[in-house]
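Residue-level listing of the chains:
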Amino acid sequence: MNALKRTSTIIILAALCGLAPFSPAALPEGPKAGDLILGGPLSSTDIREVIRKIDEMYRSRSSAATLEMEIVTPHWQRTLKMRVWSEGMDKTFVRIDEPLKEKGVATLRIGNDMWNYLPKTGKVIKVPPSMMMGSWMGSDFTNDDLVKEYTFVDDYTFEPATVENPESGVVYIKCTPREGVPVVWGSVLIEARESDAIPLRERYYDGTGRLMREMVFKDVGSLGGRVIPKTLELVSATKAGQHTVLRYTEASFDKPLDPAIFSLRNLRSGD
Amino acid sequence: MAVRNIFRQKRRTILTGLSMFGGFVLGSFFIAWADGTYNGIIDMFTRTRLGHIQIHAGDYLDQPSLYKTIDDLAKIGPVIEAVKGVESWAPRVDFGGLVSVGDKSAGARLTGIDPARENETTHFDRRIVEGRAFSLAPSHEAVIGSGLAKNLEAGIGGSLVVLSQAADGSMANDAYRIVGIATTGDEMTDRTSVYLHWKDAQDLMVLGDRVHEIAVVVDSLSAGPWVTRLLRERLGDPKLSVEPWQVFARSFYNAMKADKEGMWITLLVVILIVAVGVLNTVLMAVLERRREYGLLKAVGTRPRQVFEIVMMEAAFLAVVCILLGSVVALILNSYVSAHGIRLSEPISYGGIKLASMNTELNLRSFLIPALTVLATAGLAALFPSLKAARTVPAKTMRMH
Amino acid sequence: MPRTGFFIKLAWRNMLRNKRRSAIAASAIGIGLAALIFTDAFIAGMKNNMIHTATASFLGEGQIHARGFRTTQAPELTIRELAQVTKKLKDERRIGHFALRTVASGMATSPAEARPVMIYGVDPENERYLSQVDDTIKEGDFFTGEDLRELVIGAKLAKDLQAGLGSWIVLTCSTAGTGEISQELFRISGIYEFGIPEMDGGMAFIRLGMGQRMLGAGTEVHEIALKFVDSRDAGRKGLTLWQDLSAAGNEALPWTELLPQLKGVFDMTSAFLAVTGLILFTIVTFGIVNTLFMSFYERMFEFGVLRAVGTRPSAMRKLVLFEAGALAVLSLGLGTILGLALTAVAARTGIDYRGIEFAGATVRDLIYPQLSGRQFLIYPAAVFIFTLVVALYPARAAGKLNVAEALRRSL
Numbered sequence: 001m002n003a004l005k006r007t008s009t010i011i012i013l014a015a016l017c018g019l020a021p022f023s024p025a026a027l028p029e030g031p032k033a034g035d036l037i038l039g040g041p042l043s044s045t046d047i048r049e050v051i052r053k054i055d056e057m058y059r060s061r062s063s064a065a066t067l068e069m070e071i072v073t074p075h076w077q078r079t080l081k082m083r084v085w086s087e088g089m090d091k092t093f094v095r096i097d098e099p100l101k102e103k104g105v106a107t108l109r110i111g112n113d114m115w116n117y118l119p120k121t122g123k124v125i126k127v128p129p130s131m132m133m134g135s136w137m138g139s140d141f142t143n144d145d146l147v148k149e150y151t152f153v154d155d156y157t158f159e160p161a162t163v164e165n166p167e168s169g170v171v172y173i174k175c176t177p178r179e180g181v182p183v184v185w186g187s188v189l190i191e192a193r194e195s196d197a198i199p200l201r202e203r204y205y206d207g208t209g210r211l212m213r214e215m216v217f218k219d220v221g222s223l224g225g226r227v228i229p230k231t232l233e234l235v236s237a238t239k240a241g242q243h244t245v246l247r248y249t250e251a252s253f254d255k256p257l258d259p260a261i262f263s264l265r266n267l268r269s270g271d
Numbered sequence: 001m002a003v004r005n006i007f008r009q010k011r012r013t014i015l016t017g018l019s020m021f022g023g024f025v026l027g028s029f030f031i032a033w034a035d036g037t038y039n040g041i042i043d044m045f046t047r048t049r050l051g052h053i054q055i056h057a058g059d060y061l062d063q064p065s066l067y068k069t070i071d072d073l074a075k076i077g078p079v080i081e082a083v084k085g086v087e088s089w090a091p092r093v094d095f096g097g098l099v100s101v102g103d104k105s106a107g108a109r110l111t112g113i114d115p116a117r118e119n120e121t122t123h124f125d126r127r128i129v130e131g132r133a134f135s136l137a138p139s140h141e142a143v144i145g146s147g148l149a150k151n152l153e154a155g156i157g158g159s160l161v162v163l164s165q166a167a168d169g170s171m172a173n174d175a176y177r178i179v180g181i182a183t184t185g186d187e188m189t190d191r192t193s194v195y196l197h198w199k200d201a202q203d204l205m206v207l208g209d210r211v212h213e214i215a216v217v218v219d220s221l222s223a224g225p226w227v228t229r230l231l232r233e234r235l236g237d238p239k240l241s242v243e244p245w246q247v248f249a250r251s252f253y254n255a256m257k258a259d260k261e262g263m264w265i266t267l268l269v270v271i272l273i274v275a276v277g278v279l280n281t282v283l284m285a286v287l288e289r290r291r292e293y294g295l296l297k298a299v300g301t302r303p304r305q306v307f308e309i310v311m312m313e314a315a316f317l318a319v320v321c322i323l324l325g326s327v328v329a330l331i332l333n334s335y336v337s338a339h340g341i342r343l344s345e346p347i348s349y350g351g352i353k354l355a356s357m358n359t360e361l362n363l364r365s366f367l368i369p370a371l372t373v374l375a376t377a378g379l380a381a382l383f384p385s386l387k388a389a390r391t392v393p394a395k396t397m398r399m400h
Numbered sequence: 001m002p003r004t005g006f007f008i009k010l011a012w013r014n015m016l017r018n019k020r021r022s023a024i025a026a027s028a029i030g031i032g033l034a035a036l037i038f039t040d041a042f043i044a045g046m047k048n049n050m051i052h053t054a055t056a057s058f059l060g061e062g063q064i065h066a067r068g069f070r071t072t073q074a075p076e077l078t079i080r081e082l083a084q085v086t087k088k089l090k091d092e093r094r095i096g097h098f099a100l101r102t103v104a105s106g107m108a109t110s111p112a113e114a115r116p117v118m119i120y121g122v123d124p125e126n127e128r129y130l131s132q133v134d135d136t137i138k139e140g141d142f143f144t145g146e147d148l149r150e151l152v153i154g155a156k157l158a159k160d161l162q163a164g165l166g167s168w169i170v171l172t173c174s175t176a177g178t179g180e181i182s183q184e185l186f187r188i189s190g191i192y193e194f195g196i197p198e199m200d201g202g203m204a205f206i207r208l209g210m211g212q213r214m215l216g217a218g219t220e221v222h223e224i225a226l227k228f229v230d231s232r233d234a235g236r237k238g239l240t241l242w243q244d245l246s247a248a249g250n251e252a253l254p255w256t257e258l259l260p261q262l263k264g265v266f267d268m269t270s271a272f273l274a275v276t277g278l279i280l281f282t283i284v285t286f287g288i289v290n291t292l293f294m295s296f297y298e299r300m301f302e303f304g305v306l307r308a309v310g311t312r313p314s315a316m317r318k319l320v321l322f323e324a325g326a327l328a329v330l331s332l333g334l335g336t337i338l339g340l341a342l343t344a345v346a347a348r349t350g351i352d353y354r355g356i357e358f359a360g361a362t363v364r365d366l367i368y369p370q371l372s373g374r375q376f377l378i379y380p381a382a383v384f385i386f387t388l389v390v391a392l393y394p395a396r397a398a399g400k401l402n403v404a405e406a407l408r409r410s411l
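Residue numbers (my numbering), protein chains in the order written: chain A, 1 to 271; chain B, 1 to 400; chain C, 1 to 411.
Bound conformation, chain A alone:
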């Protein structure tokens, strides 16, 4: 059954549809860099603000981006380059550009239906919804990360966290899932820049307080008009030699997209 799980990893190519950075919300505009939270102990409202900003950092009504994913496992290493388009919560299109072996592979997801196009055979496979679980392409991202139906602000409770040797200018927030929310984490510790709420690190713990994995945000820069970390690094704390790096090369948010992108014809076009 391990093999089936591995399979579903590839299938989750489609889950890119919901890739956290690109899940849209009802917000009319993105967060603006520069919302300042100045020093001193943070009030709960301040914390809420930070969390909200982090949630919304990568959301939009529609998006188009080029990104690179580097996956390192104990058995192999690879780097994928791909272009992703998304609209609303349920339409996504992914096209892989590199490596050569997978060039032209595309995934289309509309609602609960997902198709993969395989240029080598020229065939389209429809993926059953039950296969859309587990880790994504052998990476450390899970479907939950990518579909991210749950937001920190709505589905978690949060409080300031005390850590040993806190860095100055950094705010530490402990998030605990609310009762009944289907996430497996016991708690998530978020480190963010006090000045602009840019996240630095997210540490995921299980119910017993064991560190399971860590997401590190790097390369803060301009992306599609927003100032956000362009690199996300996810490192497993339990599996040795396993980590994934996601780098955004380009992105644009909320620009109108040609609806023809999200079609089977586009899937087969190989472009």
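Calculated directly from the structure, the hints in this document are not laboratory data. The reader is advised that the hints may include incorrect statements.
Said to hold, decoys possible - Quick list of simulated restraints, FRET-style, between CB atoms:
| # | chain 1 | residue 1 | chain 2 | residue 2 | range |
| --- | --- | --- | --- | --- | --- |
| 1 | A | 120 | C | 197 | 53 to 61 Å |
| 2 | C | 83 | A | 88 | 34 to 42 Å |
| 3 | A | 258 | B | 125 | 49 to 57 Å |
Idealized CB from N, CA, C, for every residue including glycine.
Start from chain A and add chains B and C according to the hints.
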């Protein structure tokens, strides 16, 4: 004199002999049949699906993984061939994936096989119910399980698309032409299995020359254990696990073991009854002739001689019956071994259809009954003959 | 011609005159009979155990599904006319217990791992009668609390997920109809261990209500497991209840069709034991033939004397027959008592096959040989009749006896 006595009382001899003879033949048949049926099942099971011995890398048996591979097949193959007792062997590649025909898809368990070797080892070609087996050279062909064919609404000639994650992490995908549909009798297996040519599979999954499993068939079931040991020695690689079917098919083994134990109980019962039958008749025969013995003593035969005569008679008769019985049993067992007893309705056991039960010709089906008959005859004759030796002639002669 | 009573008395007296010979002969036949009885009881016990082993762990003795569910496992194929079906089941007196279940294939995720599982929504009250999951709990319990989010999984799955009692697990599956992904959070409240990898590593149990909620199935269910008052009813395909319960687009099947491999094992064991029984019986008959013929020929002189003093042929025949009858009765008495004793002892202590696993089930209970009326009626009757039939030959010979020869032969 013993011999003369025997032939004198023909009827008595015949009757006594009958119980020995009958007991022997029936006992022999029972053992041959029980052994034959069980060993037949085990053999069929191991030959057609599992192989008698399997070789894997490390702890693949407990925790299968795409990455736990046997890497130097080129070197290992000849070593296996050279081991005496090995009849044939076949390498296999195993992985999971998503398969699709038209717009229907399902999760599947894929196995890459070497067509020539697999046919020789587990008679893979016999499992094909529709279409044909693989071409010898890799030709992008696929054979799928009957249940899967139904689920995917696929037929011969259809195109099967396979999607999986290769050993280098890349997306493994390719299309294959369905040339055959196979059944194993196990519903779950048939619903999820896909077979490819192993070279195609290795290509697809970027495995190079690596395989996950080598199945070995030995020429006789009993040779299993020592061939396993020999293989381990010759291969001499601690990272390889060489296990006999009793280990890798543990649940099947346990089931067979349990049944065999049940058989021992019944065997004991059968032996008991044979013994009692012989005891009964020999005892009666000996007891009835006390007058005779008295006569013998009266004419001067020494006690010891009387004792010997009685014992020898019993022994002689037993031996003759055993020999005669052996001949008959041999004929009977050989016949049933070759032709079997046809079952009114074939039984399917673990996916294999049993249409007839056959006996097995082996030593113990003759040895055990022989010992039983001999021992009980001797035992039965012992007490009375001792008594006969000690009888007072006058007393016995007055008996009738 | 003297009355029958006379012959009976004479036959008995002759028997008792040579106690040793009668005893030996009777023992031989008696032991054979006892063996037949015991083997028959053993077969019955073994069959019962097999059925129980396979069906009691989780399968049930029969199951009802909507037609097509077994092959496709589609979540929208719930049992049709559920209310009617449950009413029929309640009214059907042959059915002892039944349990409703939702069945879905999905994933179980822990912070460390994800594994595919079959998710069963069960009703703990009734499920207890149908499955042994509650009997094999090694940690925690089987839904004794009030919490809807209770989850019971197998030891292997817990290990694979690197989780334990109290761990939070997310179960994911797709809903009926839309195929939308449904996820819910559960907390491990019980861990069981069957010793069978498929059961311990691939199943997850939640409350029926939660199962229905996750699948968007409302009040519907996918499977009803049945347990009969008399287990043998499960093997009786001819009962009307099968058709009755298969109405309206459902299909009700006994375990023999749900687990064909087990049926195979069952058949094979039956066939094996049938042949064994035959062989046993043959050996016993040999013993009878031998005994009767032997005793006749050994007593030639006696019979000769009887003829010499004027006993009529018909009386001679009758004597032989009655003696055979007397021997038979003695043997039967001995055999049945011995057989009864042996079986009763074994039935009390049981025969231990525990731990053996086959066809997807593990033997958990001892095998108890089962006594049945047949053993005490048919086998003894068969032996008795056979004895008399065999005695006909020497009886005839006794009637035709040539006195001079008989008297001469005895030396």
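Hint by hint, work out which the structure violates, then give me just those numbers in ascending order. Hint 1 is the one this structure does not satisfy, whereas the remaining hints hold.
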